[in-house]
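Listed below are the residues making up each chain.
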Amino acid sequence: MKRLFLILLLAGLGTAAKAQQPSGTVIAVPPLTSPDSGSKGNQMLAVGFDISQLIASDLRQTAELAPLPTTREDYYSYPEVTAPSLYKWRTAHAKTLLMGFVQSRSDGRLTVGCYVYDVDKGRELARKGFVIGPSDWRRAAHKCSGLAYTAVTGTPGIFDTRIAYVAESGVGDGRTRRLAVMDSDGNGHRYVTAGDTTVLTPRIAPNGSQVAFVSYAGGQPNVRLLDLDSGKDRPLIQSNAISFAPRFSPDGSRIAFSMMNGPNSDIYVVRATGGAAQRLTTSPGVDTDPSFSPDGSKIVFESDRGGSQQLYVMNSDGTGQRRLTFGNGWYGTPEWSADGQWIAFTRRGQDGRRIGIVRVDGTGERLLTAGPGDEGPSWAPSSRELLFQRAGTNGRSGLYRVTLDGGEPRPMTIPSDGSDPDWSGVMD
Amino acid sequence: MRKAILILGFALFAGSAHAQLPFLTKRPAQPVIQGIDALRADFAAQSGGTTVYFGTESVILGAPARAVLAAQAAWLRRHPEVVVRIEGYGDGGDTRDHALAVGARRAEETRDQLVLLGVPSAQVSTTSWGKERPGLGRAVTVLVR
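As given, the protein sequences belong to chains A and B, one line each in that order. 1 is the number of the first residue of the first sequence in my numbering; add one for each residue after it. 1 is the number of the first residue of the second sequence in my numbering; add one for each residue after it.
So that you can see chain B by itself, here it is in the shape it has in the complex (with noise of 0.2 Å):
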């Protein structure tokens, strides 16, 4: 047991400290995916989406969205390598700078959630694309690299 904490530990040290020390580099449990366009349609298909959505004017976050990000946060603990954007958006009937700060609030509060079920907060970046670009009223998780 105590070895196993020590192995555990040392899996942890190793983890952290890979770009220091390339020759412990832990080899992934998973099967490996490559590139990606792979891993972006494997993050996809196994959160269930890569979007959330939200009632207009709203920030909170609903049952169907939390199911998904529960997915999402799942999958990205098993990619502790994958780096990911949530790129949030505005309600179209919105003036510019006020769509811009609520899709900044949705990409808030979905990263906070991410992180809330475990993924850790350097893995996840968040941006607003207010009511610039189509697609209102939702926040999409993003793989960066």
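Bound conformation, chain A alone (with noise of 0.2 Å):
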């Protein structure tokens, strides 16, 4: 008897430990119902599974939620999406809770609705509804996630995102380059452009129905603007000077780019819709890669005017030029975060080329990886993680995500080498 006791004691501390294991928020994702009936609602039931699968799926990604497992026994019927029974989810420790449903509708398209409640509280925090192609259920899965995700934390998800990067395959002058384009979970991947052309530097818009790129057409580095949609591109501007390192204003109307003036590579900044660039910067030397800040008041860009490579802020019409970093080693590369706080760059020194970030005002400096081939980082949405580029000793280059809290670097599935990544904002 003493035994038996002792067994289920240890039992119940295996089962308290486990419990305890997730660091995040316990968010329970019971598979989505269906007011429709009969065959209908079966296929509709099927799909719904999916997405709720998919979105334990994305939420078990991040630091800050711990999905409980989706099964089928916990279904519920239409009536309960908007009048839960927290009680079952309260014995089963979930402080949040995800329900919703799948509707067909007479146009062959399918309504998806997402309520997000305080298990707690008793109360709905968020909800939303969209109308999909039958084939977008994947969208539809991340903008729930996305949806609990800001219910939760406060800050934006990153599920429905896109990362666009240059696929790299074959060595030497022979290396062909693509522009590649996939959603954040690598889902979705495709080839846009075709590969007879070197390319360099994807930048999706805001909204991300385009990329600003650069391209070897002209036989010489130029910015061109590709259209997603229908596949077709145009310079982003008419001139026969080389220009590069292209960047979207936050709100997609404006494009800061450099372009060389005899030996001086200098800023502009054009309407993405075309027109006369105006000049940001004069100064000799090199000032490239700008990077507007989440407002568009102001951009962040690298110039050598002081004798090396630094990380310099100005607003947005070139006012108010002034340096940011004073460091050991040269900053390259700085992008803004999303929430404003932070400015990543890429560092070179005796150690090769570093990740690191920096405050806006030029203190808190860290560096996130250890190099040392890591260049070019791109901000997550949620201003948490980082995208980079890893070039390895024997020539080949891959994606790599590392967080803000610090940890190794993980490697992205690709098909193939990948260099360039750039990290699109939240869909819409």
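There could be a bad hint or two in this list.
Distance windows between CB atoms, simulated [to be verified]:
no. : chain 1 : residue 1 : chain 2 : residue 2 : range
1   : A       : 169       : B       : 145       : 28 to 34 Å
2   : A       : 176       : B       : 92        : 16 to 22 Å
3   : A       : 320       : B       : 145       : 46 to 52 Å
4   : B       : 92        : A       : 43        : 53 to 59 Å
5   : A       : 396       : B       : 56        : 49 to 55 Å
6   : B       : 67        : A       : 251       : 36 to 42 Å
7   : B       : 74        : A       : 351       : 42 to 48 Å
8   : B       : 71        : A       : 251       : 52 to 58 Å
9   : B       : 144       : A       : 111       : 58 to 64 Å
10  : B       : 83        : A       : 238       : 18 to 24 Å
11  : A       : 108       : B       : 83        : 57 to 63 Å
If the Cβ cut is set under 7 Å, some of the chain A residues that face chain B in the computed set are [stated by the list, open to error]:
no. : residue
12  : 137
13  : 156
14  : 172
15  : 360
16  : 375
Here chain B is said to cover these stretches of chain A; the calculated rule only asks that three of the stretch's residues, wherever they fall, bring their Cβ under 8 Å from a Cβ of chain B [said to hold, decoys possible]:
no. : stretch
17  : 71 to 82
18  : 344 to 354
The hints are simulated quantities; they were obtained by calculation from the structure and are not laboratory data. Note that the Cβ used here is the ideal one computed from N, Cα and C, for glycine as well.
The task is to assemble the complex, starting from two chains supplied on their own in separate frames and drawing on the hints.
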């Protein structure tokens, strides 16, 4: 008897330890229900189950949320979507609950609704509904994941976002480079240029519809704009000069870039729809890699005007230029975080190229990677992690993610070598 | 003497306007080299190389580079029909866009030196490969046509 008690106690401890393991807020994601009946209803329930599983998988990737497993035993009726029985989830130690439905429409599309509840307080935190094509269920899931993540953390999620990068294969002069675009979870991967022309540094428009990039189509590097729906591209500006390093303003209306003026590289800005470019810097030497602040009022960029490559900040009309970094080594490729707090950079030094961050007032500088071949950080819309390019000693390169709280960078799975990653904002 | 100047002036006029007046095209004094490959080989042989090298992070042309460019300029002045492109390269340890800018600066410095030595600026264009191709830290003069 005593022995049996001991075993039970140990089993109890084991369960408790297991339940405490996830560090984030526990969220229940029972399968989405459907108001439809009959075979249509069964179809919708099947789609709903896939969506719920993908939501749980999305949220499991985050440090802030810990989803319970999605099982068919947890099905609920359509009226319960707006009147959930929270007692069951309290006993399962869930703090947050995500419910919803999938409904077929007469035009063949689907209506998806998602609702987020605070289990303890018994109140609704957020809800969202949208109409999608039947093959777009993954996007619906990512949107629901984002709804839950934002309801719990107060910051935007990265689920319904895209990544553009340069897919590379072959060696030497014959190396093929194609622009590729994919969902941030690696799904929906596709090539958007043919590979007959060298391309560099894709930058996705905030609404995800266009990519600004550098192409050697005209024999020299020039910024071009590619429409992702039509596949057509055009030069950003009419000029014979070398242009490169494009970046959209946060509202998508402007593009900052650099262009050669004789032996000088200066920063310019132009409307994304075209027109005359405005010159923002005039100092001798190399000014490049402009990146807008989230409100569009400032631009961080790199310049070697002081004798070595360092980061500078200016107003977006070119006034008020001031130096930001004074550390050892050379600083380049700055990118402003979406929450406005940080600027990510590549630092070149004795130990090679490493990724780091610094506050916008120049304090709190911190290196996040060990190098030696790291380059070109791009912020996740959550401002909690960075995507960057890491070159190996074998001449190959891949895409890696690293979080601000440190830890080893994790490689992204892509079909070939990759460089120049760019992470889009949350798409509407 | 006056006649000589007049003839020279006429020859220059003919040279610049030969597209409009094909029957006035000046005959080259040099033996005619046919084909771009033969021209490239002759250019490389007589200039002491197509390539000039830079120190890391530097865009300054050293004495060896200037000697090569002087020979290149002399050859290009003898072959006004040839068009060249200077392809500048950055340094491997650099970041991508900075390397692109450094390559462009090296190409511009090289072009400026050729123009300073009497090569018409319309004869020379520039581009930059940054760190995108093998062969870092240099500028290469490529005969286009």
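Each hint, compared with the structure:
| no. | hint | result |
| --- | --- | --- |
| 1 | A/169 x B/145: 28 to 34 Å | holds (31 Å) |
| 2 | A/176 x B/92: 16 to 22 Å | holds (20 Å) |
| 3 | A/320 x B/145: 46 to 52 Å | holds (48 Å) |
| 4 | B/92 x A/43: 53 to 59 Å | holds (56 Å) |
| 5 | A/396 x B/56: 49 to 55 Å | violated (24 Å) |
| 6 | B/67 x A/251: 36 to 42 Å | violated (54 Å) |
| 7 | B/74 x A/351: 42 to 48 Å | holds (46 Å) |
| 8 | B/71 x A/251: 52 to 58 Å | holds (54 Å) |
| 9 | B/144 x A/111: 58 to 64 Å | holds (60 Å) |
| 10 | B/83 x A/238: 18 to 24 Å | holds (22 Å) |
| 11 | A/108 x B/83: 57 to 63 Å | holds (59 Å) |
| 12 | 137 | violated (37 Å) |
| 13 | 156 | violated (28 Å) |
| 14 | 172 | holds (5 Å) |
| 15 | 360 | violated (21 Å) |
| 16 | 375 | holds (6 Å) |
| 17 | 71 to 82 | violated (count 0) |
| 18 | 344 to 354 | holds (count 4) |
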